[in-house]
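Taken in sequence, the protein lines are chains A and B. Per our numbering, residue 1 is the first one in the first sequence, and the count goes up by one each step. Per our numbering, residue 1001 is the first one in the second sequence, and the count goes up by one each step.
Hints are computed from structural coordinates only; laboratory data are not their basis. Don't be surprised by glycine CBs; every beta carbon is placed ideally from N, CA and C. Check the hints yourself; a few may be wrong.
[As the list claims (entries may be wrong)] Some chain B residues well away from chain A (every beta-carbon gap over 12 Å; in silico):
id, residue
1, Asp1065
2, Asn1084
3, Ala1114
4, Gly1130
5, Asp1159
[As the list claims (entries may be wrong)] Okay, derived cross-link-like pairs now, BS3-like style, lysine-lysine, Cα gap no bigger than 27 Å in a straight line:
id, chain 1, residue 1, chain 2, residue 2
6, B, Lys1096, A, Lys84
7, A, Lys592, B, Lys1214
8, A, Lys84, B, Lys1137
9, A, Lys542, A, Lys204
[As the list claims (entries may be wrong)] Pairwise CB distance ranges, derived in the manner of DEER restraints:
id, chain 1, residue 1, chain 2, residue 2, range
10, A, Pro581, B, Thr1148, 50 to 60 Å
11, B, Asn1071, A, Lys518, 55 to 65 Å
12, A, Val52, B, Ser1073, 22 to 32 Å
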Amino acid sequence: MSQSKLDRRQFLKGLGLGGAGVALAGCDLPSYVTLEQGEENVISYLAPDEYVIPGVGVWYASTCLGCAGGCSIHGRVREGRVLKLEGNPDSSVNMGRLCQMGQATLQSHFNPDRIANPLVRKNGSLVEASWDDALSLINEKANSGKAAWATGAISGHQRVVVETHLSAIGGSNHYAIEQINANVWQTACGDIIGDPNPEIHLDKAKVIFSLGADFLATFISPVHFAAHYGEFRSVPRGTLIQAEPAMSLTGGNADHWVGIKPGTETSLALGVANALMNKHGISGSGISNATKSLINEHDPATAASICDVPADRIEKIAASLAANSPSIVLAGGTATANANGYSAAAAALMLNQILGNIGVTITSGRELAYPQLGLIEGNSANLKDLAVDANKGKIDVLFVSGTNPLFLAPKSIKMDEGWNKIGFKVVLSSMLDETASAADVVLPLASSLEDWGSHIPAYSTGTRNLALQQPLMEPVFSNTRGFGDVVLGLAKQAGAPGLDEYDDYYGYLRSAISVLKKTDSEKEWNSFLMAGQTPVPSLGRKLSYIDGKISQTANTATDGGLTLIASARMGMWDGRGANLPWLQESPDQISKVVWDSWAELHPKTAKSLGIKDGDYVTIKSSNGEITTRAFIYKGIHPGAIAVPIGRGHSALGRYAKNNGVNPLFILDGGVDAKTGEIATAATRVEVKNAGKNKPLAKLMEIDRQHGRKLVATISADKQRITEGGT
Amino acid sequence: MVKDSSTKRSIPWIRLSMLMVFVGAIIVIAAQVLDQKLHYVGEDVVPGPIVPGTQYPDEKFTGIDVPQPINFSHKIHAGDNEINCMFCHTYARRSKVSGIPPLSKCMGCHTVIATDKPEIQKLTAMWEKGESPKWNKVHDLPDFVHFTHQRHLKRFLFDNEELDVSDAKRVCSMCHGDIAEMTVAKKSRPLTMGFCIRCHEANEGPSDCTKCHK
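From just these sequences and the hints, can you work out the full model?
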């Protein structure tokens, strides 16, 4: 082969320079594509309000409904369209911040796949109908038996109208379903320290020891905690220790990430307690003798043999906690998503007790003085209850809104069968998700940016606020109606008393809030709307401590399989984010994968199973199988395989449909022993190479820098000196 | 010579793709040269009045005729009757867009003026129906370009001691040509990045990319 004078490098250089020249020259010449004349329309206002200036945005306050967090938002409205959302700086929930799901709410508002007209099932398929026809059909059938409502997390006056409607149609069961929740932690807090939603002061802690609680992404109010985490990390820098079987966003930020055997978090906590009491002279006041003897049984070596964390690691964690007070110990996420979940939360609270954190970094929260407006957080135990009750024939008429049970339910709890036994199903939704697709009547809802509402945020410190939601623009689809309007209409139609004076939900909400705030003035109402929130009376609670039931059954499965972790992520969340391209295209926080599911496997496990990165793997449980591609990564326990929740839809619009897999479907239906929460990190699965390989679409091909200094780092010691330490 | 397959991998499609890129580049250059010819600037372009104290852009462009729902005459309004541009395009000094005046502004005069003209009757009919005309956009920049009228008016008109505010149309004509001589507007400056940059250089405007590309 003759050597060419012009090698490839030179050729590419030449091409690059030439290309740049062409591009620059292009800037100066009329382009064919972009500089259009007469292609677009400009439509002027007829008679605009005085403050309206085209091109200048006006910011309106409202509330984000992306999750139960209830962050206050400001939406920029220009030329009648809402274009951008930001956090409301005056909010005690999010303090001006907003997460990616909040930002992407815009796309659920402008989504092309939104339902535009009511749908009614005729001859087996959903066909468009008028509101009158749909509502009269509901009126005809709603009283035909035992009625129930299923919602997501719900609070404020929406909760009141739903419950009013439910009692008007003679039903009593309200299933609030949220797959991603902190129910186990909150139940344990309620039982043990007497406050289910205590204030958690990450900013005051010097060490955070978190058992699976992904407080930066999925735990109660992630935006709030992320802000406090920022303070925790400023000078002097706090230490974050995260123990979980598969790395979460919080785990990725930790100083010490501990890959623990799934379901054995209790023994780690007991081992740490043992080291604290025996090596660091911590007395353990307030701990019962039964718990003390349990702690004595779990010296670090014993604990290590159960939870697969080296004994010296356990001792180091204890030393760090002993040397830095105050600290805080949290439990949530994967640690509470197994049969021992409640025990792990109880053990975490026990650690807080012996470390003296209760009353210091964990303090009492405040309770709303109007419990009827309070937030029903929702949990997955309710999902299972819904399936069980439906199968038993206890539900004849079901109204669903804000949740997608047919997507969230594991096949093992037989939700599909139960669903078919329900005689008449009405779904109120803005998107045709799996549940809406299987309904008898679908009522198209306004988006959260077109609707009125009042909400109690899942978590806030100090005064409790009622967060107000107001429309930021005219409806995109003119035949949709607000959630409150629809439910109020249904309640009126069902003969609920005392509602006739309200023409619409706005009138109801305004009158209810004027009663609550004891003022009827227009000026006050406008000031509430401008602030986006208004304080409501609340009562203080007191913390106490009574030992919770701590028990540890070792994970000694010898079936040769792995434990499936259906991991929760900010982004797709429980699947509601899958129809939003901004979230689909945002690289996952850990794997950096976009637009698809993946299965995280430890390199050792992958090697022993003969699986390479990008190989299709079949994950088989006793309840079915899913096939997705492997992502080989050290941030997972070798005995686990993690598949994120949220993808694998068979409906929910063009962006979500047929994209990825849903690990929830193959869960074995196991629950946390105490709360009944569906155990998403406990199903045993068999993993096999499916024999095909296709590289995953991800933004980071390798997780090393290869000396390129993409991210500059200095040692912790040097960093301490630069921050004024010695 | 020993062929080292590990360092010199042969990629069969690379030559073909490079050839295609090369041919593509030639086509783009040729097309642009051709395009310049197509948009040859003839004698019919009216030179605009000059703004004192500035380097005035002299590049011309002959745009296409863009039909409008109402045959609005800039000549009658801004030319013959010497109405200040900013009387109707009232947002220009407050916003990035100059704005099409709201219909209520048109009707402010035309409930009494020239009500016998067919174009005004068209306008009145729209007003009574509560419909705005669907104007066709003549001066359209790509979405990644953030041009602001407000800033340019401040620089060339309000901060310009040599120019009286009543002479606003001189500033407008820097980019829009002599609109006061037109009926419906027609593009008469290229409004390309090169056009912007040359004026920015001559008048010491900002030159960082992010001023316009946000």
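Okay, the hints, checked on the actual structure:
1. Look at Asp1065 (chain B): its CB is around 8 Å from the nearest CB on chain A, not clear of 12 Å, so calling it non-interface is violated.
2. The non-interface label for Asn1084 (chain B) is consistent with chain A: the shortest C-beta to C-beta separation is roughly 18 Å, beyond 12 Å.
3. At roughly 19 Å from the closest C-beta of chain A, the C-beta of Ala1114 (chain B) stays outside 12 Å, upholding its exclusion from the interface.
4. Here Gly1130 (chain B) does not stay apart from chain A, with its beta-carbon only about 6 Å from theirs, under the 12 Å limit.
5. Interface exclusion of Asp1159 (chain B) from chain A stands, the closest Cβ pair being 21 Å apart, more than 12 Å.
6. Between Lys1096 (chain B) and Lys84 (chain A) the CA atoms are separated by roughly 17 Å; this keeps the pair inside 27 Å, and the hint holds.
7. Distance restraint check for Lys592 (chain A) and Lys1214 (chain B): the Cα-Cα separation of roughly 26 Å lies within the 27 Å cut-off, and the hinted pair is therefore satisfied.
8. Straight-line distance between C-alpha atoms of Lys84 (chain A) and Lys1137 (chain B) comes to about 25 Å, which keeps the hinted pair within the 27 Å bound.
9. Only pairs whose Cα atoms come within 27 Å are accepted, and Lys542 (chain A) paired with Lys204 (chain A) is accepted, the gap being roughly 20 Å.
10. Taking the beta carbon of each, Pro581 (chain A) and Thr1148 (chain B) are about 29 Å apart, not inside 50 to 60 Å as hinted.
11. In this structure the supplied range 55 to 65 Å holds for Asn1071 (chain B) paired with Lys518 (chain A), their Cβ-Cβ distance being about 60 Å.
12. Checked against the hint of 22 to 32 Å, the pair Val52 (chain A) and Ser1073 (chain B) passes, with Cβ atoms roughly 27 Å apart.
Figure legend: structure checked against the earlier numbered hints; hints not met, in rising order: 1, 4, 10.
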